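Enquirer: Using the hints provided, position chain U relative to the given structure of chain V.
The lines below spell out each chain.
2 protein chains.
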Amino acid sequence: MLFSSSPLLIDTLRQRRVKLSYLIDFPAILWSGRANSRNFPANIYPFRASSHFLYFAGFPLENAAIRLYEGRLELFMDNAPKDNALWQGETPQRDQIAELMGADAAYPLTELFNYLEDAATIVVQNPITANEQRQLLNCPLVSAKEPQGIDLELTQAVIHLRLTHDQFAINELRQAAEISVEAHKIGMKATKTAQLEAQVRAAMEGVIMSHNMTCSYNSIVTVHGEVLHNQQYHHPLQPGDLLLADVGAETPMGWAADITRTWPVSGTFSPTQRDIYHLVLKAHDTCIDSIKPGIEYQDIHRMAATVIAEGLVELGILKGTPEDLVEQDAHALFFPHGIGHLLGLDVHDMEDLGDLAGYEPGRVRSQRFGWCFLRLNRPLKPGMLVTIEPGFYQVPAILNNPKNRKKYKTVVNWKRLEQFADVRGIRIEDDVLVTEIEPEILTKNLPTSIAEIEALVQN
Amino acid sequence: MLFSSSPLLIDTLRQRRVKLSYLIDFPAILWSGRANSRNFPANIYPFRASSHFLYFAGFPLENAAIRLYEGRLELFMDNAPKDNALWQGETPQRDQIAELMGADAAYPLTELFNYLEDAATIVVQNPITANEQRQLLNCPLVSAKEPQGIDLELTQAVIHLRLTHDQFAINELRQAAEISVEAHKIGMKATKTAQLEAQVRAAMEGVIMSHNMTCSYNSIVTVHGEVLHNQQYHHPLQPGDLLLADVGAETPMGWAADITRTWPVSGTFSPTQRDIYHLVLKAHDTCIDSIKPGIEYQDIHRMAATVIAEGLVELGILKGTPEDLVEQDAHALFFPHGIGHLLGLDVHDMEDLGDLAGYEPGRVRSQRFGWCFLRLNRPLKPGMLVTIEPGFYQVPAILNNPKNRKKYKTVVNWKRLEQFADVRGIRIEDDVLVTEIEPEILTKNLPTSIAEIEALVQN
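Heads up: the sequence lines are chains V and U, in that order. If you're matching positions, the first sequence starts at 1 in this note's numbering and goes up one per residue. If you're matching positions, the second sequence starts at 460 in this note's numbering and goes up one per residue.
One chain only, chain V, in its complex shape:
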């Protein structure tokens, strides 16, 4: 299954490396990495190949490398030792895999030693393989975030390619989105009888697993949505709670989806929850409607901030004009993160490269409260896949911070805010493909409206 090929895959991989050859005139060697051990060597975490390797090699081969040069693909990997067949079954041999991926040549891993000259690379996450990369290429590859020389040139070329998705990738991304949509629907339906966050998580990840996919990141399924990356699942579900679920699937070839929905445990939003949900949804819809080639992603972020500020003024939580409030970062009291990020083989696509992929060359992260967590700052292009994920949170660490209390003393109606105590965190997130015409919401089959969500939870 991991090793099923197709003419489209072989052709796609060829096109990717030919395009790479137009961008760089030196060889690139990409390593897949190794499995990480959990508590003893044989008890490993499920292997995840480096995304850069996957992009050009297609298959998640363990401890392999590929060399790309002038449109050619050479595979370096060792055949499994004979003993392996008892424990792992018969696995495809190097030459078979080379054929499945359309490689021009295939060698044992030790042969790589003879093909290193003038080659650039990107450092992988696995520390042992990263160390091998450094030793073999005999240069101080600090991290994938700070490449130098030809490694930087290679990184920029790979970013250029991976920023927009080809048809094969889009097919995979659609599949990941479809299964993730299904997982969220089942999660909503499972809430009625669930007593713990963990039970809803299990129902959702069960859908992903039953389609033989994995999660593209550690799921967030929590009644404490105000903890942005909450990865605890032990809280009981109470009737007045909102449940925030940020769960996405990854196809066997590594392509990711990323969806968030927030629903009422009881099946019915309270009036205050409805009010806030509506404003987050308005921000979500406004942003998606604005997506088109050429628009700056930071302008979409500002749009979300403005819609949220405007809504909070209408609800009497903030005081002032939306534009002024956004200028003061007052929206960030409740919407501290960015409006989204790139999505592809990584859920934060190419975040291993720091901001090299997310930020247009010459731009750097803002230090400002409302902008410092913006992960993407580029004009959009057809073929880019981005998330749109506005939210509203009451984060104690932000709202109880004495500096914020002082700075935003007159801007926030703290008394009024208290009436919204049953809204700890709401986020609505979809995956949106930029096209020449209308944006395509890959996750559109999952409803966002209050009526439809309540109906699913009440089933």
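Think of the hints as simulated: they come from the structure by calculation, not from any bench. A quick note: this is a predicted structure, and the numbers were derived from the prediction, not measured. It is possible that some hints are incorrect.
[To be verified] Chain U is faced by these chain V residues, among others (derived, beta-carbon under 8 Å):
#, residue
1, Ala85
2, Trp87
3, Ala198
4, Ala202
5, Met209
6, Asn212
7, His229
8, His348
Where is the CB? At the ideal position from N, CA and C, for every residue including glycine.
Expert: Below, chain U alone, put in the same frame as chain V:
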């Protein structure tokens, strides 16, 4: 939840380190390790602390160390940075955690530098932390399998303690067993409507996840039970197939269960499947009945081999006397692995130490075909938890091996064997606690009989 304590836990941790202080007269420093990154730094695999750390610290703290000396416990860890509260929520501070674990003192991690003198350690799995251990202690800690000097003394002391389980550990192990039993029952029930292995796996892991536990190892759920560590889940379920499921839970504090059952996809074993199942079950029951203090685990392995050989003679698959066949390793054609292993914080408990824990000092692994995969070779003692997991497999790599075909030409009735083609792999595995009296099967609530298993699958 991860940080809920109890007087029993605090007292247990104290008893463990006091016992350690009777065995070594130098300080021990144990590191917990770090989370491993998947495809970019923030996308981590769920953190699993080193089991040696967990045994004495109780809680799975990330990037922490403890120093144990003369019955004292000192905790070294840094408080989470302030920014962390936005993403991870408010996490307990070092001093709170120290109190929960009954530590005598707590310091920032950098302070560890002043407490290194004469200290021994055990190398963790995470390569970055392992490197830090080497640098800080300024010695060539190769791997946990080959400790030297005081590291070896510490390792032997820890093995002595961890070989038998205290009441707190047994409570945890019972919980892991109970949830794993439930997972298997649900797996059997889910088979009726499942079309893929992945769907049964999802149902089983869903039970574990819904109880906020994790899997203690990568599940095996396959119609190709002859691949011993099969971790692919894409095969369709066919009516005549047997499904082999080797799935176990791990409690939040890290204690493991390990269960295997094999059931017919259709709900009814075929006559040949019944025959083989019966002989594996007979081996299973005979071994468990023989468990008592003082018995050699290798003798239990030999017992399983003999029962299997005897049964295969009765079925006309092997020819000769059972004892002769075992002497020739003929049983290993169909039962190539060992009868089981230690179970505790690791599913193969302390396998990070190679065979130092599994093998009585002075004993080494046999090279023989029927014995080389035996993971435990010690006399049993009350408080030890072991698995008993006999099996029958038709592994092509073994049965089609020309050497084996030649060596066992007259011993195997190859023609007769062909009639058992619908039995690719059967394993029955339970977790058994050695006590002064009857062995306690922690997993006894999961049936082993054909009638009960068929009833569960047919539900």
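Enquirer: Take the shortest C-beta to C-beta distance between His348(V) and chain U; is it under 8 Å?
Expert: For His348(V), the interface hint holds, since the closest Cβ of chain U sits about 6 Å away, which is under 8 Å.
Enquirer: For the hint on Asn212(V), does the least C-beta distance to chain U fall short of 8 Å?
Expert: holds (4 Å)
Enquirer: Using the nearest Cβ pair, does Ala202(V) come within less than 8 Å of chain U?
Expert: Cβ of Ala202(V) sits 4 Å from chain U, so the hint holds.
Enquirer: Regarding the hint that Ala85(V) lies at the interface with chain U, is the smallest CB-CB distance below 8 Å?
Expert: holds (4 Å)
Enquirer: Are Ala198(V) and chain U close enough, Cβ to Cβ, to be under 8 Å, as the hint says?
Expert: holds (4 Å)
Enquirer: Would you settle whether the hint for His229(V) is holds or violated, based on the nearest Cβ-Cβ distance to chain U being less than 8 Å?
Expert: holds (4 Å)
Enquirer: Does Met209(V) pass the interface hint, meaning its C-beta sits closer than 8 Å to a C-beta of chain U?
Expert: OK, holds: Met209(V) within 8 Å of chain U, min 4 Å.
Enquirer: Against chain U, with CB atoms and a cut of 8 Å, does the hint on Trp87(V) hold up?
Expert: For Trp87(V), the interface hint holds, since the closest Cβ of chain U sits about 4 Å away, which is under 8 Å.
Checked against the numbered hints above, the structure violates none of them.
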